[in-house]
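Enquirer: Residue numbers (our numbering), protein chains in the order written: chain F, 4 to 498; chain G, 9 to 492.
In case anyone wonders, no lab produced these hints; they're calculated from the structure. Don't take every hint at face value.
Said to hold, decoys possible - The calculated DMTMM-like cross-link candidates involving lysine to aspartate or glutamate, where the alpha carbons are at most 25 Å apart (straight line), are: (1) G/Lys376 / F/Asp381; (2) F/Lys295 / F/Asp311; (3) F/Lys295 / G/Glu440; (4) G/Lys81 / G/Asp162; (5) G/Lys376 / F/Glu464; (6) F/Lys441 / G/Glu380; (7) F/Lys237 / F/Glu147; (8) G/Lys96 / G/Asp29; (9) G/Lys379 / F/Asp381; (10) F/Lys237 / F/Glu225; (11) G/Lys376 / G/Glu42; (12) G/Lys81 / G/Asp288; (13) F/Lys75 / F/Glu85; (14) G/Lys379 / F/Glu383; (15) F/Lys135 / F/Asp153; (16) F/Lys237 / F/Glu306; (17) G/Lys89 / G/Glu131; (18) G/Lys127 / G/Glu220; (19) G/Lys315 / G/Glu223; (20) G/Lys127 / G/Glu223; (21) F/Lys494 / F/Glu302; (22) G/Lys89 / G/Glu145; (23) G/Lys379 / F/Glu436; (24) G/Lys376 / F/Glu383; (25) F/Lys441 / F/Asp406; (26) G/Lys379 / F/Asp64; (27) F/Lys295 / G/Glu454; (28) G/Lys376 / F/Glu225; (29) F/Lys295 / F/Glu276; (30) G/Lys379 / F/Glu464; (31) G/Lys127 / G/Glu92; (32) F/Lys441 / G/Asp323; (33) G/Lys154 / G/Asp115; (34) F/Lys441 / F/Asp364.
Here the structure is a predicted model, which is why all the values come from computation and not from measurement.
Each chain, letter by letter, is given below.
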Amino acid sequence: MFASVQRCLPFFGLLAGSLLLPAAGETAPPPKATSPAEGALPNRSFETSVVRLINTSQRADPATPWNLGRPKQGTGSGFVVEGGRILTNAHVVADSRNIVLLLHGDATPHDARIIAVGHDCDLALVEPVDSKLLAGIPPLTIGENPNLGDAVVTLGYPAGGRWLSSTRGVVSRIDYNPSAHSGASHLSVQTDAAINPGNSGGPVMGDGRVVGVAYQANGGLENTGYFLPPLILKHFLTDVADGRYDGFPQLDVLSAGLDNAAARRRVGLAEGETGVQIYFVHPATPAYGILKPGDVLLELGGEVVANDGTVAWGTQRLQASVVLDRYFVGDRVPVRVLRAGERLNLTVPVAVSVYPIRSYDVLPTYLVYAGLVFVPLDREAVSNSPPTALLYDYWFRQISHPDAPLPGRVMLLRRLDHEVNSNLSIPPSSIIERVNGKEVTDLTSLAAALSLNADRWHVFESAYGGQIGVLDRAAADAAHVPILEQYAVPKDRRL
Amino acid sequence: MIALLLSGLAYAASDTDRYGDAIVRLTVTWQAWESGQPWTKTSPSSRTAQAVVVPGSRPGESWLLTTAASVEKATLVRARKHGEPEEKVARVVVVDREANLAVLSMDDAAFFEDLRPVKPLREPVSGGPVTLARWREAQLEVADGKVSRAATFDSGTGVLGYAGLRVATDLNNGGFSEPMFVGRRFAGLVTNVNSGEATVTPVDFVEDWLAEVRERPEPVAWVGDLGLSAQAIRSAELAAWLGLDSPRGLLVLSVAQGGSACGVLRRGDVLLGLGGVPLDGNGSVADPLYGLLSYEAELTRLRAGQKLEIEVLRDRQPLTLTLPLRPYFGDAWLVPTDRVSPPPYHMAGGLVFREYDESYGARNTELKLIKEALRSAQTPEQRRVIVVASVLADPYNLGYHGQGDLGVAAINGIPVDSMNEVAEAFQHPQGEFHVISLLPNARLLEIVLDAATFEEATRRIAESYGVDPVFRPEIPPPPIVCPE
């Protein structure tokens with residue numbers, strides 16, 4: 004079972020990590036007269052390459068998407084890599100309005116800016132605005148993927164502290180975990196070295212080389228921190244080398260294990276042959292039509308897939324989709340399938356998942372009409388214990404329609420109460436299926452259905468249960484601007 | 009301590025005179041079916057409840073009246089009257105979960121010799137003071153109360169709501185059929201007590217129900233229901249769009265198969281009135297006794313079997329339609345309400361099949377998602393949803409261990425909607441295999457089992473896990489036919 008759809012589902016597995024959200028702005032008074040003078044720094048150790056980042060971020064309130072949110076300041080870590088750039092976590096610099104960079108042992112803040120962000124893998128590249136700032140600071144070298152039991156040392160600025168902190172531990176598990184930042188899963192390494200808020204983006208060192216970037220921890224367990232290993236770091240750096248981030252590819256297929264002997268016989272697997280049976284290929288993916296429901300996936304990217312959907316990974320096994328971490332968007336991944344008794348070698352072009360991750364750095368879209376607030380039904384909308392109907396619609400409806408991608412959906416997020424709308428019978432968090440008789444698939448089609456209506460009434464029909472809401476068009480039009488003013492909505496839409 | 013006891017005794021003595029010979033205490037041993045292992049029952053438990061003496065169906069016969077909740081899932085009901093140490097066995101005559109009422113008879117008719125029936129209050133209960141009474145150990149406990157309002161509330165055991173009273177009281181931990189009195193007259197049964205407020209089924213409802221049951225002392229479904237999903241017409245705009253001059257009535261969204269309105273009303277109709285009584289914009293009607301009641305609650309004041317005239321707006325044209333008022337019929341829904349009868353199931357090759365019902369579906373999000381996927385109403389072809397509830401791990405079903413809560417579309421290519429069909433479908437393997445096709449989910453497309461070793465594996469697993477029998481058939485619900 005390796006489908007990416009599966010692991011995205013929020014209710015099918017514990018999210019392993021909680022984010023190492025940047026700690027709140029520093030509060031401790033600066034120690035007196037202990038700052039080492041310039042030039043007195045230790046001049047060879049990799050400590051000098053570890054920096055502190057202070058990000059002022061602003062994230063729009065999902066409940067009032069026109070409200071850009073309260074600015075928040077947080078700190079994280081980063082380290083100098085080749086090319087005079089600093090590698091850190093995406094979540095350290097997400098939704099940024101301003102970034103300040105502090106060098107090890109230096110009290111002067113420097114302006115910094117983002118070069119590239121990969122939210123799905125939770126990595127980012129930043130650089131100082133002053134291009135000479137990092138001259139003389141040795142970049143850290145990214146090493147090889149560590150093995151179970153390897154000794155590691157973390158470096159960073161946890162808990163808002165101004166000065167570098169180091170902790171020590173071992174590689175306690177190699178795993179394939181969803182990122183708390185994006186929900187996307189990647190190869191991930193667990194360590195017992197203390198990883199705390201503010202460590203995010205800091206290097207994890209082994210034998211003088213970077214073996215990872217600390218990115219999340221599991222608050223419910225003891226001594227359980229996670230870092231992203233070199234496979235992911237190098238993938239990200241290679242991806243952004245052309246100045247554009249494409250992301251990690253996914254297959255977006257659903258498959259079922261074949262541990263049962265009868266099930267293996269039925270699909271025609273030979274004695275000793277293994278694989279998993281594909282039963283859904285998302286119709287919007289490049290794999291659609293190449294991989295087919297019923298295919299038994301024997302090999303993915305040259306790796307033999309076991310009956311439980313795992314592949315050999317070093318001395319252990321991981322979910323087969325970890326293989327995709329080796330590929331780039333646009334690559335053609337070799338697969339071997341068993342179809343109707345024939346073993347076929349195919350290549351499947353891969354792209355980023357059709358299920359978008361949670362979005363950052365972009366302002367949420369919305370449309371307000373006569374106090375009714377509409378938003379797209381997206382990952383954000385279903386990420387916070389939504390009604391079951393929304394979960395079903397977002398994750399499952401497509402599985403029942405395997406042959407064509409379903410159009411998007413719009414939901415009524417809430418109502419800005421006003422006499423013109425207060426009797427509307429459609430409750431908040433309802434999917435709006437039709438407006439004035441026209442199917443609504445996104446905010447643009449909703450805006451058109453409203454503006455093109457010349458009838459006396461606006462008629463809204465919700466999906467599931469099918470309640471009908473009616474507004475008097477003239478009265479709604481007249482109330483539209485006063486409602487925006489009363490509720491301090493600067494613009495009625497961001498499409 | 010002694011003084012307290014004495015004063016308690018003195019207090020109880022006078023009330024015993026007033027109510028004691030009409031109230032008995034019930035001890036109910038009850039047991040529920042294990043939802044995940046439908047061949048077993050949970051550990052037996054017991055509850056105490058009150059009952060009042062009422063006239064039975066034959067001259068000279070007496071019954072005990074209590075709430076359906078009091079005798080729910082009972083394996084044995086015993087009654088004990090004041091001053092007697094011995095409990096006598098009581099038999100359930102009729103239980104009506106929708107009305108939340110039940111009557112019991114005593115094997116030993118002599119039980120009633122020194123008891124007398126309660127005298128029902130003849131006029132509706134108004135806002136005055138009331139008394140709630142129950143036996144606690146050997147003493148009668150009475151608590152004062154005051155009717156605070158009329159309200160609509162859930163039956164507690166069924167699905168519908170009906171009209172009743174809220175009573176402010178200092179009675180603690182009640183809700184098991186404590187009788188309410190106005191003066192010495194019986195005025196209702198307490199179905200629930202919460203934070204100093206008792207919910208009371210009023211005597212007029214109880215007496216009407218008793219009259220019906222006396223005439224036909226057999227299981228009844230008595231409370232009427234239209235079987236509608238409808239939307240209140242609260243806004244002037246919606247009303248005007250529908251062609252109404254003001255917000256009133258209910259917009260019909262869907263009509264349940266087998267319900268009273270099946271074949272009479274359809275989506276888009278506006279229900280404007282019941283028997284000449286208009287519905288307001290909340291779908292409520294003015295009841296002469298209780299004030300505004302939801303139309304569902306008002307229907308509970310009518311009896312199944314009666315003809316009901318309804319006023320409807322269809323395509324902007326007013327119509328008067330007549331329908332036979334049928335009882336609420338939980339079986340009419342694709343996902344039926346919780347059942348009290350033994351749940352049908354089938355254990356086949358370690359897979360535990362059972363019906364999807366409301367209480368089972370509430371167990372987790374995945375099950376709730378199955379319901380979202382099946383929003384369509386029941387059809388003659390699909391009356392129920394079958395689920396693989398769990399898998400009893402065995403080498404035979406390796407690969408499916410730990411699976412469960414999966415909706416079943418078909419077995420061996422045959423769509424199944426009852427337990428009998430599940431069993432039948434396993435008689436027709438697809439070649440060497442049994443193939444269980446599943447409803448859309450994110451884990452499995454189908455479950456494949458070896459057909460040749462199926463019987464043997466089922467026997468072995470049944471023995472190992474103590475599943476006996478492996479099959480409890482379902483008595484299929486009556487065919488659902490809507491008159492055209």
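Enquirer: State for each hint whether it applies.
Expert: We went through each hint and held it up to the structure:
1. G/Lys376 / F/Asp381: Since the Cα atoms of G/Lys376 and F/Asp381 sit roughly 20 Å apart, the hinted pair holds (cutoff 25 Å).
2. F/Lys295 / F/Asp311: holds (19 Å)
3. F/Lys295 / G/Glu440: Judged against 25 Å, a Cα distance of about 24 Å means the pair holds.
4. G/Lys81 / G/Asp162: Roughly 19 Å between the alpha carbons, so the hint for G/Lys81 and G/Asp162 holds.
5. G/Lys376 / F/Glu464: holds (23 Å)
6. F/Lys441 / G/Glu380: Status holds; Cα separation ~24 Å.
7. F/Lys237 / F/Glu147: holds (10 Å)
8. G/Lys96 / G/Asp29: holds (16 Å)
9. G/Lys379 / F/Asp381: The hint holds at about 22 Å.
10. F/Lys237 / F/Glu225: violated (29 Å)
11. G/Lys376 / G/Glu42: holds (19 Å)
12. G/Lys81 / G/Asp288: Violated. G/Lys81 to G/Asp288 sits at ~39 Å, over the 25 Å cutoff.
13. F/Lys75 / F/Glu85: Distance ~30 Å between F/Lys75 and F/Glu85 Cα, so the pair is violated.
14. G/Lys379 / F/Glu383: holds (23 Å)
15. F/Lys135 / F/Asp153: Violated. F/Lys135 to F/Asp153 sits at ~36 Å, over the 25 Å cutoff.
16. F/Lys237 / F/Glu306: Distance of about 21 Å is within 25 Å: holds.
17. G/Lys89 / G/Glu131: violated (29 Å)
18. G/Lys127 / G/Glu220: Satisfied, since the Cα-Cα distance of roughly 18 Å is no more than 25 Å.
19. G/Lys315 / G/Glu223: holds (19 Å)
20. G/Lys127 / G/Glu223: Holds. G/Lys127 to G/Glu223 sits at ~19 Å (cutoff 25 Å).
21. F/Lys494 / F/Glu302: This hinted pair is violated, its Cα atoms lying about 52 Å apart.
22. G/Lys89 / G/Glu145: Cα-Cα ~11 Å, so holds.
23. G/Lys379 / F/Glu436: Holds, because 19 Å separates the two Cα atoms, which is no more than 25 Å.
24. G/Lys376 / F/Glu383: holds (21 Å)
25. F/Lys441 / F/Asp406: holds (23 Å)
26. G/Lys379 / F/Asp64: violated (32 Å)
27. F/Lys295 / G/Glu454: Roughly 16 Å between the alpha carbons, so the hint for F/Lys295 and G/Glu454 holds.
28. G/Lys376 / F/Glu225: Cα-Cα ~34 Å, so violated.
29. F/Lys295 / F/Glu276: holds (19 Å)
30. G/Lys379 / F/Glu464: Answer holds: G/Lys379 to F/Glu464 is near 21 Å, not above 25 Å.
31. G/Lys127 / G/Glu92: holds (23 Å)
32. F/Lys441 / G/Asp323: This hinted pair holds, its Cα atoms lying about 21 Å apart.
33. G/Lys154 / G/Asp115: violated (37 Å)
34. F/Lys441 / F/Asp364: Outside the cut-off at roughly 32 Å; violated.
In summary, the structure is inconsistent with hints 10, 12, 13, 15, 17, 21, 26, 28, 33, 34 from the numbered list given earlier, while agreeing with the others.
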